[in-house]
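Protein chains in written order, with the working numbering: chain A, 1472 to 1761; chain B, 5 to 350.
Because the hints were derived from the structure by calculation, they are not lab data. Note that beta-carbon positions come from the ideal geometry of N, C-alpha and C, so glycine has one too. Where hints are given, some of them may not hold.
[Unchecked claim] Derived contacts from chain A toward chain B, CB cut-off under 10 Å, selection only: (1) Ile-1547; (2) Val-1561; (3) Leu-1573; (4) Thr-1574; (5) Val-1689; (6) Met-1693.
[What the hints assert, rightly or not] From chain A, some residues computed to sit far from chain B (all C-beta separations above 12 Å): (7) Ser-1529; (8) Ala-1543; (9) Pro-1591; (10) Lys-1648; (11) Gly-1701; (12) Leu-1711; (13) Gln-1727.
[Stated by the list, open to error] Just a sample of chain B residues kept apart from chain A, beta carbon distances all over 10 Å, derived: (14) Pro-167; (15) Leu-291; (16) Phe-298; (17) Gln-325; (18) Ala-326.
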Amino acid sequence: MFFDSDLLMSALRALTPILLAALGGAICERAGVFNIGLEGMMLMGCFTAVATSWFTGSPWLGVLAAALAAAAYSLILAVGTVTLRGDAVVLGVAMNLLAVGLTSFLLRTVFGVQGTFDDPSLAGLPLIGGLSPLAYVSWAAVAVAALMLSRHVWGLRLRGVGEAPDAAATLGVSPTKYKYAAVLVSGVLCGLAGAQLALGNVTLFTENMTAGRGWIAVVAVMLGRALPLGVLLAALLFGLAEAAGFRLQGLGLPQQATDAAPYVVTLGALFLTTARRRRRVRPSSTGAAS
Amino acid sequence: MNNRILGALRSPITFSVLAGVLIGALFLVGTGADPIASYEAVLTGSLGADGIGSTLTTGTSVLGMALALAIPLRAGLINLGGDGQMVLGGITAAVTGLYSPLPAPLTVVLALLAGMAAGAAYAALAALCENHFGVPLLVSSLLLSYPAVSLASYLARYPLKEPGSSLPQTRSLPDGVALPAFGDSTVTWGLVLVVLAAAAYWFTDQRTAIGYEIRMTGLNSRFAAYAGVERRGLTLKLMSVSGATAGLVGAIGVLSFPYRFVDGSLTAPGYTWTGLTAALLATAAPLGTVVASFFFAVLQVGGLAMERTTEVPRELTQVLQAIVIVFLAARLRFPSRWFNRRKEAV
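Make a model of the complete structure from these sequences and hints.
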C-alpha cells in the first residue's frame, strides 16, 4: 500500500517545521511586513536548540532558548524595516546569509567541528503518540492564530495596521508596535520550527540544515493567502510531497528526484492557484500577485 | 570635488563596510585572536604572491555571478535562482565538451555557448512564471533552482558518471577542451570573458537606450511603465541575459581545472550568494559591482589564509559579508551633522 498511516505520520513530521515558520510569515504578512528571513530565523533556532540541549542536557530548555534566540534575531528585520524603513527583501536575504555564516562559524568555535555536529548523548525531544510535542503546539498555534486574527481585537488591529497603517494610526493604533509584535511572534515560531527540525525530526546540527524550508514556508504563506488554515493546507501539501518522495525513494527512484519533488509540487500548486485567481480578477489585474 | 568626497564618505556603503570590519574585529577578539594580525593575514593571503592567483580564480566566478544578479537587480528584479542556472550551464558545457565531434578549440566555444544557452533558457522559464502565471520572480527563480541542482547532481552520479570513480563526477574532458590558462597559474581566459561581460554591462548601462530603460525601471517601475517601458518583455530579456551569464560561469568552471563537472563543486563555494551580496552592495552599478566582487573574492580567499595562520574559522568572512548587507539594507549611515560641521569649515 502506498498511502497508509506511516506515510501520514511521515508527512506530519515533515509538516511541523514548515507550518510553524509559515504561520509566523502569515502573521507578518497580515501586519504588512514582508518576511523572507524565515529561513535564517529557523536556522538560528536549530543551532541554539542543539547548543542549549547539549550544554544543559535538557531539550526543553533547547526549545525555549531557540524561540528566544530566533526572536532576538528577528529584531534585525523589525528594526531594519519598521524603524529604519529599509528594504525588506534585501534585509531578508541578508539575514538568511548571516544565519548560515553565523551558525557555521559558531559550529566551529563552540563545538570545534565542521559540517555536522552529531553526538549520541545529545538529547532530542521525546515523542508523544509518535509525534514531537511541537507538532501539537503547531496545530494549537494555527487555531490560536486563526481565532486571534478573525475574532480578537488584537488580530483586527494587526490586520488594520497591515491594510491601512495610516487609518490605524488615526484610530490610535500604533503600526510600529503591532509590526514589531508580528515580527517577534514570527521569530518565536521560527525558533520553534528550528528546534523541531534539529531536536525533533533529527537530533543533530548540520550547516544550512534548513535547506530551503524557510523559502517553502514563504511560498506556503502566498499559497495559503496568509490565512492560518490556508497556510496549514499549503504546508500539508509540502509535507505530503516530502513524505511521498521518501516513499518513492524506497521504491527505487533516485534520491535527486525525490529531493526536487517538494519544490516542483509547490511551484505547480502556485501555478494552479494564481492562474485561477487571475482568471477571476481579469481584466483589472495588473499581473503580479501581491 | 570636496563635496563628492564627503558624499562618498557619508554614503551608506562606506558605513556598512566599516561597520562590518569593526564587528568582524569584535568577533575576532571574542575568539581570542588578534584582529589586526587576522586582517593582515586576510590581505597578505589573498593579495600576496601566493594568493593573488587564487583570488583571481575565485574572483572570476564571483564577478560572473555578481554580474548575473546585478543585471536584473538594476531594474529592481531579484534573481534568486543563480545556483540552478549556473549548474545547468556547467553540466551542459560538460556534456557538450564530452560529446562534441568538433575540433577542441571549436568545442570550447560551443561548450561556452551551450552553457550560456542552458542558463538563459532556465532563467527565462522563471521570467515566464512571473509574466504569465503570476508567481513572483523572487519565488519562481528560487524554486526552479532546486530541481536544476538535483538534476545535475543526478546526471553526474548516474548516467554521466565516470566509470570506476568513487566520486560523483563526469569523465574528464578530452585533451585540449579547456580554457587556456595564463602561464602555469589557475587563472584562465574565463577571467577575460567575465571582465568583457562586465565591460559590456557597463556600456549597455551607461550608453544605450535599453540601459536607460533598465535604470529607470529600477528607480521607479510605475513611472517607467507610464513612459512606455514594456515590463514583461524587459523581465524576460533581463532574466535571459542574467541566466546566460550564470550559465557562462558554470561553463567556465567546467572548462577550467579539474576540467569536468563535479557534483557540488560549483554550488559549494557559495558564488551565487557572494555574487548577490556584491551586486546588492554596489546597488548593481557596473563598476561598483566589479569593485565589490573583488573585495568579496579577497575576503573569501583571505579567509582561508586567516584560518591557516590564526585558526579563526574562515566562516567569519561569510558573517562579515552578510553584516555589510544587513547594515546597507537598513540604510544606516553616519549622521549628517558630523559632516555638515566640517563642510562649513571648508
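Hints and how they fare:
Interface hint at A/Ile-1547: satisfied, since its Cβ lies 6 Å from the closest Cβ of chain B, which is below the 10 Å cut-off. A distance limit of 10 Å between C-beta atoms decides the matter here; for A/Val-1561 the minimum to chain B is near 4 Å, and the interface restraint holds. The beta carbon of A/Leu-1573 is positioned within 10 Å of a beta carbon in chain B (closest approach about 5 Å), and the interface hint is therefore held. Taking 10 Å as the C-beta contact cut-off toward chain B, the hint placing A/Thr-1574 at the interface holds, the least distance being around 9 Å.
Contact between A/Val-1689 and chain B, as hinted, is supported at the beta carbon level, the nearest pair being about 7 Å apart and thus within 10 Å. Because the smallest distance between the Cβ of A/Met-1693 and any Cβ of chain B comes to about 7 Å, under 10 Å, the interface hint for this residue holds. No beta-carbon of chain B is positioned within 12 Å of the beta-carbon of A/Ser-1529; the least distance is around 26 Å. Distance check on A/Ala-1543: its Cβ is at least 14 Å (rounded) from any Cβ of chain B, clearing the 12 Å threshold; non-interface status holds.
With a closest Cβ-Cβ approach of about 25 Å to chain B, A/Pro-1591 is found to remain outside the 12 Å limit, as its non-interface label requires. Every C-beta of chain B lies more than 12 Å from that of A/Lys-1648, the closest at about 19 Å, which supports listing it as non-interface. Residue-level check passed: A/Gly-1701 sits 16 Å from the nearest beta carbon of chain B, beyond 12 Å. Every C-beta of chain B lies more than 12 Å from that of A/Leu-1711, the closest at about 17 Å, which supports listing it as non-interface.
The non-interface label for A/Gln-1727 is inconsistent with chain B: the shortest C-beta to C-beta separation is roughly 4 Å, within 12 Å. At roughly 18 Å, the least C-beta separation between B/Pro-167 and chain A is larger than 10 Å, which holds for a residue marked as non-interface. In this structure B/Leu-291 is separated from chain A by more than 10 Å, as the shortest Cβ-Cβ distance comes to about 20 Å. With a cut of 10 Å on Cβ distances, B/Phe-298 stays outside the contact zone with chain A, its closest approach being about 19 Å.
Interface exclusion of B/Gln-325 from chain A breaks down, the closest Cβ pair being 7 Å apart, not more than 10 Å. With a minimum CB-CB distance of about 3 Å to chain A, B/Ala-326 fails to clear the 10 Å threshold, and the non-interface call is violated.
Of the numbered hints listed earlier, those contradicted by the structure are 13, 17 and 18.
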